[in-house]
Amino acid sequence: MNWNISSLISKLKRNKKSGNNLDQKLIQKIRPRSLPTWTQFKYLTNFLNPKEMRVFVSAIILVVATILSWGTIFVIQHSGTVPKLGGEYSEALIGQPKYINPLFASINDVDADISELIFSGLFRYGPDQKLIPDLAENYTVGNDNKTYDITLKQNISWSDGNPFTAGDVVYTFETIQNPEVGSPLLSAWQGVKVEKIDEFTVRFTLKQPFAPFLEALTTGILPEHVWSNINPSSIKLARYNLQPVGTGVWQFSKMVKDESGYIQTYTLTQNKHSAVKPYLNTIVFKFFNSYVEAASAIRSQNSLAISFFPYNLKEKIIGKNIIAYPIYLPQYTALFFNQTNQPNLKNADVRLALAKSINKNQLIQEVFAGDAKAIQSPILAGNLGYNPDLKTIPLDLEAATKLLDKTWVRIQPEEYFKIRRDTLIKTYQARIDAVTENSSSTPEIVSSTLENIEKEINQTIRQEMSSEQNFYRRDTKNNLLQLTITTADTPEYIKTAELIATMWRSLGVPTAIQTINSQQITKEIIKTRNYQILLYGEMAGGDPDPFPFWHSSQIDYPGLNLAMFSNRDADKILEDARGTTNEAERGKLYQKFQDILVTEVPAIFLYTPTHIMAINKEIKGVNINHIINPADRYRQINEWYIKTGWRWK
1494 MNWNISSLIS
1504 KLKRNKKSGN
1514 NLDQKLIQKI
1524 RPRSLPTWTQ
1534 FKYLTNFLNP
1544 KEMRVFVSAI
1554 ILVVATILSW
1564 GTIFVIQHSG
1574 TVPKLGGEYS
1584 EALIGQPKYI
1594 NPLFASINDV
1604 DADISELIFS
1614 GLFRYGPDQK
1624 LIPDLAENYT
1634 VGNDNKTYDI
1644 TLKQNISWSD
1654 GNPFTAGDVV
1664 YTFETIQNPE
1674 VGSPLLSAWQ
1684 GVKVEKIDEF
1694 TVRFTLKQPF
1704 APFLEALTTG
1714 ILPEHVWSNI
1724 NPSSIKLARY
1734 NLQPVGTGVW
1744 QFSKMVKDES
1754 GYIQTYTLTQ
1764 NKHSAVKPYL
1774 NTIVFKFFNS
1784 YVEAASAIRS
1794 QNSLAISFFP
1804 YNLKEKIIGK
1814 NIIAYPIYLP
1824 QYTALFFNQT
1834 NQPNLKNADV
1844 RLALAKSINK
1854 NQLIQEVFAG
1864 DAKAIQSPIL
1874 AGNLGYNPDL
1884 KTIPLDLEAA
1894 TKLLDKTWVR
1904 IQPEEYFKIR
1914 RDTLIKTYQA
1924 RIDAVTENSS
1934 STPEIVSSTL
1944 ENIEKEINQT
1954 IRQEMSSEQN
1964 FYRRDTKNNL
1974 LQLTITTADT
1984 PEYIKTAELI
1994 ATMWRSLGVP
2004 TAIQTINSQQ
2014 ITKEIIKTRN
2024 YQILLYGEMA
2034 GGDPDPFPFW
2044 HSSQIDYPGL
2054 NLAMFSNRDA
2064 DKILEDARGT
2074 TNEAERGKLY
2084 QKFQDILVTE
2094 VPAIFLYTPT
2104 HIMAINKEIK
2114 GVNINHIINP
2124 ADRYRQINEW
2134 YIKTGWRWK
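According to the numbering used here, the sequence shown holds residues 1494 to 2142 in order.
Source of the hints: derived by calculation from the structure; they are not laboratory data.
Among these hints, one or two may not hold up.
What the hints assert, rightly or not - Simulated DEER-style distance windows between Cβ atoms:
(1) Ala1768 to Gln1570: 33 to 43 Å
(2) Gln1622 to Leu1992: 30 to 40 Å
(3) Gln1570 to His2119: 27 to 37 Å
C-beta: ideal position from N, C-alpha, C; glycine also.
Taking the hints into account, I'd like the entire structure generated from these sequences.
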């Protein structure tokens, strides 16, 4: 009995083991040429012990991770993000649009910015700062360098669908030449004959060769069919100045005004008649009274961009979502001497001493935190005629002091006060006489009036005198050496003027600062040349031609010879440079001109600033860097984008 039970148990065990082996064989033999099914995978625990199972699972994970990694790498290498159509770009501008019209846009930065996007010229500046055709197809220059035949592109339409022709070009420049219109471009186009050769050819004939002429053809063209029926004297009143028709990539869409008529926003959309199709759908300009207000709009993302803002707002504007793009312009800032209004500046030693006392590197560090470059002349680096070996006027306080000591004796503050008091009394003499000679004036009135005058004089002198100035200067006739710097009321100009005034005071020259509203300085100061020393910036443009800024014919307004510089040799050089199209020859002439400026010192050239455009990182594809004028920052805006997608390479 016991034997039978033992035999039975042994038999059962053998059967179970045999059954397991049979199951294993069956699993191995089912569909031997294919991968195991999920049902079959459930039997893995019967094959593998826990350690082997962990190794197996780890191997599976490694294989999957490897496949995913290689797949990701493959996708990255064979695809990429690309710009997509859509999105709205908004920018904060300071001021108001008034004349979005190429004939007047140069007066107002806001107008110039918007006009740049709506209108096209015959030529425009490319990415390398070289002129390239825009509405022009090609051009030829006559052997006399006075005749320019421009062949126009065909199949170009205005934003209202009308065709662009040579008639539009002729109308534009003849309108500029009409004095009734009042375009600030008039003087540049006087004496130029414009004629239509055929529907797509225009001829310009100059009285004299003018090398930079093609730059003048970057002016936006107006549609004749829109403007020709408007009286020239009424052009500034036309609604098309705010609702323009152009050939640019962008066209006017709408503007929104508040209850007082102030334009709050101005919207552009893609010009459906343009062959160029940008990525952005719309551009919206938002207008503010000040940069402080505009900066708040940027930080709150009410606007996506702002440009040319004061440096003292940089930290308030730039942040993790706002990218700073440096902008380099052919612009320089200088101190222009008006020797007519301040006779003491006629002394060459005085001008040279003032120049030798200015630490330009200090100005750049303290005003721009290093974001500017010191310059020695109006011909900037990279421009035709730039001379890196130009003789400079180095910083030398000792030499500056010796130059002034030749003519101007050092005096103590007490003596300065006395001389200045005697001078001011003379200016008050008429008022003093009026009181003392008036029969109705009582002794008390006379005494009180004289006391008040004396207080005014003393207060005026004390305000002029700086506690940091230890001595002053006079000549043998007791004439005091004192100066006034006039400048625009922007933070950069004010800070620069203050630093220079401090530097000149160390020479014994008291220097006052007069600030004028930046919107009014042209009308109130520059137009009348009402300044002793003007701290101001000049925009040289794409062609470095210094003629408008330094030829004696440009001394009176609207000329831009702010130093009222008159030199026969310099005039001849500038005239000859305009008359040749040989760039090498022009370059040599400009170098000779710079040598004259270094010798004569009609101005002190300080620096060329680096401007900043702050743009939300949401906007991609931005490439600005070197441009010709502020509005030129939109040169490649058609390549800016917001939306992106994936595409296989």
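Hint-by-hint comparison with the structure:
1. Between Ala1768 and Gln1570 the CB atoms are about 34 Å apart, so this pair conforms to the stated range of 33 to 43 Å.
2. The hint said 30 to 40 Å for the Cβ distance between Gln1622 and Leu1992, and at roughly 32 Å that hint holds.
3. Our hint of 27 to 37 Å for Gln1570 and His2119 holds, since their Cβ atoms are close to 34 Å apart.
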